[in-house]
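Protein chains in written order, with our numbering: chain A, 1 to 251; chain B, 252 to 758; chain C, 759 to 1187.
No lab work stands behind these hints, which were simulated from the structure alone.
No residue lacks a Cβ here, since even glycine has one placed at the ideal position from N, Cα and C.
Every clue listed holds true.
Cross-link-like lysine to aspartate or glutamate pairs, in silico, EDC-like; alpha carbons within 16 Å at most: (1) C:Lys1071 <-> C:Asp1103; (2) C:Lys1085 <-> B:Asp675; (3) B:Lys660 <-> C:Asp1104; (4) B:Lys702 <-> C:Asp1120; (5) B:Lys702 <-> B:Glu719; (6) C:Lys1085 <-> C:Asp1028; (7) C:Lys765 <-> C:Asp817; (8) C:Lys1090 <-> B:Asp705; (9) B:Lys332 <-> C:Asp807; (10) B:Lys676 <-> C:Asp1120; (11) B:Lys623 <-> B:Asp454; (12) A:Lys129 <-> A:Glu188; (13) B:Lys307 <-> B:Glu433; (14) C:Lys1090 <-> C:Asp1028; (15) A:Lys141 <-> A:Glu152; (16) B:Lys658 <-> C:Asp1105; (17) B:Lys658 <-> C:Asp1103; (18) B:Lys660 <-> C:Asp1103; (19) B:Lys702 <-> C:Asp1092; (20) C:Lys765 <-> C:Asp807; (21) B:Lys332 <-> C:Glu808; (22) A:Lys131 <-> A:Glu152; (23) A:Lys110 <-> C:Glu1147; (24) C:Lys1006 <-> C:Glu1161; (25) B:Lys660 <-> C:Asp1105; (26) C:Lys1148 <-> A:Glu76.
Residues of chain B placed beyond 10 Å of chain C at every Cβ, according to the derived structure: (27) Lys294; (28) Ile300; (29) Thr315; (30) Ala424; (31) Phe509; (32) Glu540; (33) Arg714.
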Amino acid sequence: MLTINNLHAELEEEGKQILKGVDLVVEPGKVHAIMGPNGSGKSTLSYILAGRDGYAVTEGSATLDGVDLLEMAPEERAAAGLFLAFQYPVEIPGVGNMTFLRTALNAQRKAQGQEELSAGDFLKFVREKAKTLKIDAEMLKRPVNVGFSGGEKKRNEILQMQVLEPKMCILDETDSGLDVDAMKLVAEGVNGLRDGKRSFLVITHYQRLLDHIQPDVVHIMANGRIIRTGGPELALEVENNGYADLLAEAN
Amino acid sequence: MSSVKEIEVREGVDRETVEKVAALSGKYKHGWETEIETEYAPKGLNTDIVRLISEKNGEPAWMTEWRLQAFARWQTMTEPKWAMVNYPEIDFQDQYYYARPKSMMQKPKSLDEVDPKLLATYAKLGIPLKEQMILAGVDGAEDMPSEGRKVAVDAVFDSVSVGTTFKEELKKAGVIFCAISEAIREYPDLVKKYLGSVVPVTDNYYATLNSAVFSDGSFVYIPPGVRCPMELSTYFRINAENTGQFERTLIIADKGSFVSYLEGCTAPKRDQAQLHAAVVEIVIEEDAEVKYSTVQNWYPGDENGKGGIYNFVTKRADCRGDRAKVMWTQVETGSAVTWKYPSCILRGEASQGEFYSIAITNNMQQADTGTKMVHLGANTRSRIVSKGISAGQAQNTYRGLVSMHPKAKNSRNYTQCDSLLIGDKCGAHTVPYIEVKNNSSRVEHEATTSKVDDDQMFYCLSRGIGEEEAVALIVNGFCKEVLQALPMEFAMEAQQLVAISLEGSVG
Amino acid sequence: MALPKLKADATEARLAPLSLPQGGAAWAEAARHDALNRVGAMGLPARRDEYWRYTNPADLLSPQAPRAALFVSDELPPFDAVDRLKVVFVDGVIDPAQSDDLTLAGLEITTLADALSQDAHWSREVFGQLEARGQKPVERAFAALNTAFAAEGVVIRAMGKAAKPVSLIYRRSTETADALMHHVIRVESGADLSVLENGPAAARLNTVMEVDVADGGAFHHVRTQGRDRERRAATHIFARVGEGATYKSFTLTVNGALTRNETVIEILGDDAVAHVAGACLGDGADFNHDDTVFITHDALRCESRQVFKKVLKNGATGIFQGKILVKPGAQKTDGYQISQSLLLDDDSQFLAKPELEIYADDVACSHGSTSGAIDETALFYLRSRGVPEKEAVDLLTLAFLAEAMDEIEDQALADDLRGRLVAWLRRRH
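Chain A with its partners taken away, still in its complex shape (with noise of 0.2 Å):
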């Protein structure tokens, strides 16, 4: 599915180097998590693969189903089934959250060759995917994330992603902010999309998330290398003693 080689980023502007040779692969069906301490490059990582813009790729590549996501628009990586669940995700006042929602899903498809979904199917799609998250019509109505609570914007972000049906999806520190209702019902959303074919990197800094969803592989990242890779005993491992004796280890 995902596979990342040797993947060399640094910001654009500063020419400070982020990442230093990243290498991923996650196959079809799996959940990998990769977590670390603040500043390992985790979430720069999401970016790059998602096409922000303001970093530099300096080497190494990054192909989702063998395709090269690098040289992608953001949006034609999203077409290929790549989706961000956003740390922070971002307000759009005066852009209406069901409008929001058609207009990607519609997009989508149109790239994809399918036909757009009219207007009365979409509502009735997306009131059902709603419901179980919890997810009010007034929400709906509302601009992207405009007044959303902490939790009602990662909400707001499953919700996406389970109306977009991505076959990649990122969720980069999605547990941040959430108290523990909240955070169950996130992973809900995200368990419920497991099917055995997508495929899931679940990047987060405590261990608590993968409690909720349970990762196959589990990745600690360190000063932007990849630095240990093992089952989901490494991220007990982590919870119970911390980074630094990973840190150490690596060094």
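Given the structure of chain A, go ahead and fit chains B and C onto it with the hints provided.
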């Protein structure tokens, strides 16, 4: 002005404000007059007077010529009328353009020889004793120990700089701080190079007038890489009657240098309006930074609008080098009429300009003040925070320009301009000009107008705070962002002034 | 005081080809002469005048209208689906053949020429009167010129709730038409009237609409200034708003070489409401769009809103000069003003002078003005969800205009104009 050693810098400023307000009586604190024998040039303005001023200052021929050209230009100009201020026509021929204390003609040898009235003036201004001695020109005063933080002072009394303190110590750091009359004689190359380069002789009616007749003012040069070892300060005082004060300040911050400059102004109570038309030019080279703080407390006239200072001032900073930075902070509580727009030319790349202003008008005062931020270079930043408070029958106008030129890519401006009205006979106005000529720059302007919040007022009253104190408290809160931008000594002074200026505005 | 020579000469040159309309009643003749005297005293605007610092009046000053190529639209005209009373003007002259019968329940409607020829017509209290009031403190000499010389227009009196909107349709048939139109409207106490305006009108257009909204009356105005590229327009609205009355006006502008829309509103009755809004899409270096608004509060507890949004590209220029004046005693005023521009490229520019002038203390007045490019973060967010860049820019553009579009109260009209906006944005791809 408040002295350095009288004030301890402390937390809990708000409570202190209340105490100070309660302790103060009398409305205009600096409204006394000093009876000092003064030497005047004849009234009126003509080429002879211009030559006389130049001659009294011992100026070289090029300077006399510069003045005469300015005077010739001024005669072709008309007074600007666009500001929202009204005042009777000024008879420019009915003013003295040169006055100085006679005692300055010979330098005193000891404190005993100093005109006691001059000393008393300084004392009333709150200038510490040691600095009083230095200002009075007493030999050896510089070598006496001083307490607390050092501030070098240049005092301008009517038309003449009467003395500058800490000159020697500053000289060791390479800093030149002296009267501009002295600089014209001693550092002609620097003056020639920079004078009129930020505010051209032809700039505007009052600046051109100033160029012709300025009698003194301060000159500052900070050499490359030097952080000025102390704050520099000028006290301006208009004492003589029917006298215009036309001071000229020139500050040059060479590459990588830093200076914080304070300016305070007072004048005695007089029934007749007096004219003040100053020019301040600041040149800021690469990586240099200048902070310029003003507490303007010229006599505002009485409750009926009689007397007071007409304050027509041109202040401009030119950020010539990359990453140059200027910060204007002003507290304008005095003057009958204020016409003043301290401006920033952001020429260097990534240069920054800031303008923090409190303008308080009460009774019949009128203020039309603001700033211009002219963004010429890429990645330039500017910030404007203006707080206007209007009481009595006063009129208070914010007038500003934010201009993003086509080449000023990726620049930013943020403007916040708030007005507070106290009473239903006053006015508060906002006249911003916003000109954006490229799309990578972002300009944001916000303005609000409101009155003192009833709930806040009630809350204060219910806690036993008197009405005037409550207003002072709330107004100080309204101004907080600007007060915080002032050096601490000035912030204290400013808080008291806020309260005093608003006396009689409620009830 | 005598006018400067340049100004006097320019004024004389502009007036030379004009002649005062004949056949008016004595009061109308007097009103026209008064207006002509106003023009003479003020002189027509010059580039250096404070209120023309951002828009060059040269094209409005030339004795002949600058030639403007005819524009043929391939789309249905706006408001086509709306049931309305149509009044059609061709090159600024009313065309009865294309217009509906000027009868509608609740309304009295006639032509300007007809109203002004009657000795005791009600419009004598309004014609030229509101325009004259609106000349202080800012001079609007083109409006006075209009009062003096305009022979065409409609005169409408609403006495109850109008059954449908009155739609003024301005067609154009020549490349040189220089049109002067003057409309007089009175909304009586408790009455309710909507007026729609659309169409290119002329190569050069000068309109004045005087609107007198009596106590408890409601006036709604929705106007489009369409894709006709080369036309020039100076429009003026002078409104007087009575106690508890409502005045709401919205204008959508797309292209045109020069547009200067002046709105002067005087709120004289307590508890009244006045809203003025505009959305504009400007494309090209020859595009100059200027909204100049002056709202005077002279009563208690009134609300005013000014909402202006401009999207500019390819060197277009957008201008906003707006003012809220709160007179002494106009306590509890709620005044709001926002002017924003979205610059889609580096050549376009936004020039604004948003003013507050306030002489009463118990008021809440605010204004905001911003200028900048598309929000890159929002753009990326949309693209990361699969929305192509151009579509994402359109979506953000519509979002940017939303606050102004929301000022259209009638939902059918609002939807019509939103649909049109979307279509216009799409055609630019």
